[in-house]
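Novice: Which chain is which? The protein sequence lines are A and B, in order.
Last residue of the first sequence: 394 (our numbering), numbering continuous.
Last residue of the second sequence: 363 (our numbering), numbering continuous.
Source of the hints: derived by calculation from the structure; they are not laboratory data.
Don't take every hint at face value.
Covered stretches of chain A (chain B as the covering partner; in silico rule of three or more C-beta atoms under 8 Å from a C-beta of chain B) [as the list claims (entries may be wrong)]:
1) 77-83
2) 87-96
3) 106-118
4) 153-164
Distance ranges between label pairs, derived from CB positions [unchecked claim]:
5) A/Arg-10 <-> B/Asp-274: 21 to 29 Å
6) B/Ala-235 <-> A/Arg-10: 29 to 37 Å
7) A/Glu-47 <-> B/Asp-228: 39 to 47 Å
8) A/Arg-235 <-> B/Lys-46: 24 to 32 Å
One-sided excerpt, in silico: chain A residues whose CB lies under 7 Å from chain B [stated by the list, open to error]:
9) Arg-9
10) Asp-63
11) Phe-64
12) Met-69
13) Met-70
14) Leu-73
15) His-188
16) Met-245
17) Arg-246
18) Thr-250
19) Gly-377
For each residue, glycine too, the CB sits at the ideal point set by N, CA and C.
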Amino acid sequence: MSAQRNRRPVAVVGIGQTKHVAARHDVSIAGLLREAAVRALADAELSWADIDAVVIGKAPDFFEGVMMPELYLADALGAVGKPMLRVHTAGSVGGSTALVAANLVAAGVHGTVLTVAFEKQSESNAMWGLSLPVPFQQPLTAGAGGFFAPHVRAYMRRTGAPDTVGSLVAFKDRHNALKNPYAHLHEHDLTLEKVQTSPMLWDPIRYSETCPSSDGACALVLTGERGAARAPRRPAWVHGGAMRSEPTIFAGKDYVSPQAGRDCAADVYRQAGITDPRRQIDVAEIYVPFSWYEPMWLENLGFAEEGEGWKLVEAGVTEIDGDLPVNPSGGVLSSNPIGASGMIRFAEAAMQVRGQAGEHQIDGARRALGHAYGGGAQFFSMWLVGDEKPEH
Amino acid sequence: MTRDIAVVAFAQTSHTRRTDQLSEVELVMPVIHDVLKQTGLAANRIGFTCSGSSDYLAGRAFSFTMALDGVGAWPPISESHVEMDGAWALYEAWVKLRTGEADTALVYSYGKSSPGSVRDVLTRQLDPYTLAPLWPDSVALAALQARALIDSGLTDEAALAETAVRSRRDAAGNPHAQLRGSADAAELLRGPYEVEPLRRHDCPPISDGAAAVVLAAGDAARALHANPAWIRGIDHRIEAHQPGVRDLTESPSTRTAAVAAGAFDAPLDAAELHAPFTSQEIVLRRALDLNDAVPVNLSGGALAANPVMAAGLIRIGEAAALIHDGRARRVLAHATSGPCLQQNLVAVLEGEAR
């Protein structure tokens, strides 16, 4: 795209999450964000005074009923007197927000940036927030699942995947979540059979193959080489990051494997020098709000040939001890504070290459992918992080 | 190495009180096509696209996704969105160009205030637990600020009326403005109060409108415009939210942003200030040390047309237009967000040295 690249290296030196739960009655929206931000600052051993700018993100303002919440949140996030940006790119927003913050460092505009993404779904009505009551548009009257279920069906028909694959993913992710203290759902007595017999919500998507509604926030501290040199813990380095968008609805759109997702991944891999993602990437945190999106995105992201993603799932490749672990954190299927979910994917990828992921740490993870998508599978944001500073 | 980045094209709608017959997509498409035509670029040749808007004006979530359809995002584009005035979308695009990952950027924003009561809608910007439940509207909050200025002896109602007269008479030369021309101050002062001490002329018109800008870096900018408006500095700052903890007669965030943007490094030929209320121009002039020698809001400013979410981007566009056609060489552009000038952005634009 451009002959001239001016990017400076960007490092993740602080990560903070809240314990994601159905309802945080004990904190305000500001309190929720501040909890994640304080944890990220503590991880980086920095104070509010060390932060040059703040970038926040969330899904539609309608979810909590606060228009342009950066105005109200400025005080709680130590932003008074500083630059503050608010990103909104639908479900991909958590990832896009991290990328906007990373670009501030990469462009040399700021030294150290705090970025926070959140959703407090308990103060909202996401069903209304997700509805588009406008004539001549596809009515999404049954929530996100109603929109995505036909595309899952299309995937099954196109690839011949057996209808057992979705439940394998759901059981895996919910099982992984037991190792993640921040995950919303800790279903200790869940069995594969219970997933398979859970109520059908939007055929073929069952109740246990569906993400929960969560309150939660995620924060990152991003800095450059000098900041990274002073960091108390090993940084994660950003090796590539990109966003891609395509229209919601148009003739020729491939809802099963959108071109914007393929292009976004290709751009990230090009930046990071990845030519064989399946072998060169050690762990992936992929945005899977409905279980079938794991095999679908495995193909879209180039981890599997077209039509082959479900075979990786069936073979256990994406299990926490498989050769391409996907969502060892439990993923969106186990915690979904919508606006934060993308940033959690990015953060979990960074935690893996920092060796900071606790019980769900993948041994020796050196390169990790964080992925998010949103809208009608039309907005994509991704980054690839590594344990070493990129060469270029 | 820092890259030089310039505004190379600007377009806006003719702002009107209501556009019942237009969807947001239909509102924004003509200005996008206009700036692309000015530069000869197709949407798929643009390196990065960023927009600013607010779902609250449309009364529905994800309204920006439909506006994106108007861009023609196929094949897929590198794109982002801020739920802020388009001036901040321009800032995000400027950052992107600075990284060298793109050479050109399309920035657009739009706002339709007509579907609802914008005064009521803007109350939803306030602290949801303590302020928003009281529904203090944007005019009432601005009136508190105006009262503080008058009580401090910094202005009076007659001076505010003169600001309105000047803006709306300057807007007579702006075909895009909603209010063009004005009665004398004496007549305006005979009108009733909207919220004391503000009369109708102290408040912005309620507008529907859209704007678009193309940014380009270095040689790409020179190739796209004979006289690019170079962004010499751009910065933005936010202040505390609770009006009670701020001195509403001051705008320290504007001052800080202006220093960082280099506004005080050389004399200015003109300024485009995003001051929706007459009283706010006083606050901004003081923060920016602007005396009467510097023409302010030759376009008429937000007092002549105030499409919420686009009015700040339009200030940058109007500042660039002064440079593009040689009327000025160094112009300050300002955008604001939030009640009583809570958040402020300052950009300094320059033409080539003569």
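Novice: To test your reading of the hints: which numbers does this structure violate?
Specialist: Numbers 4, 8, 15, in rising order.
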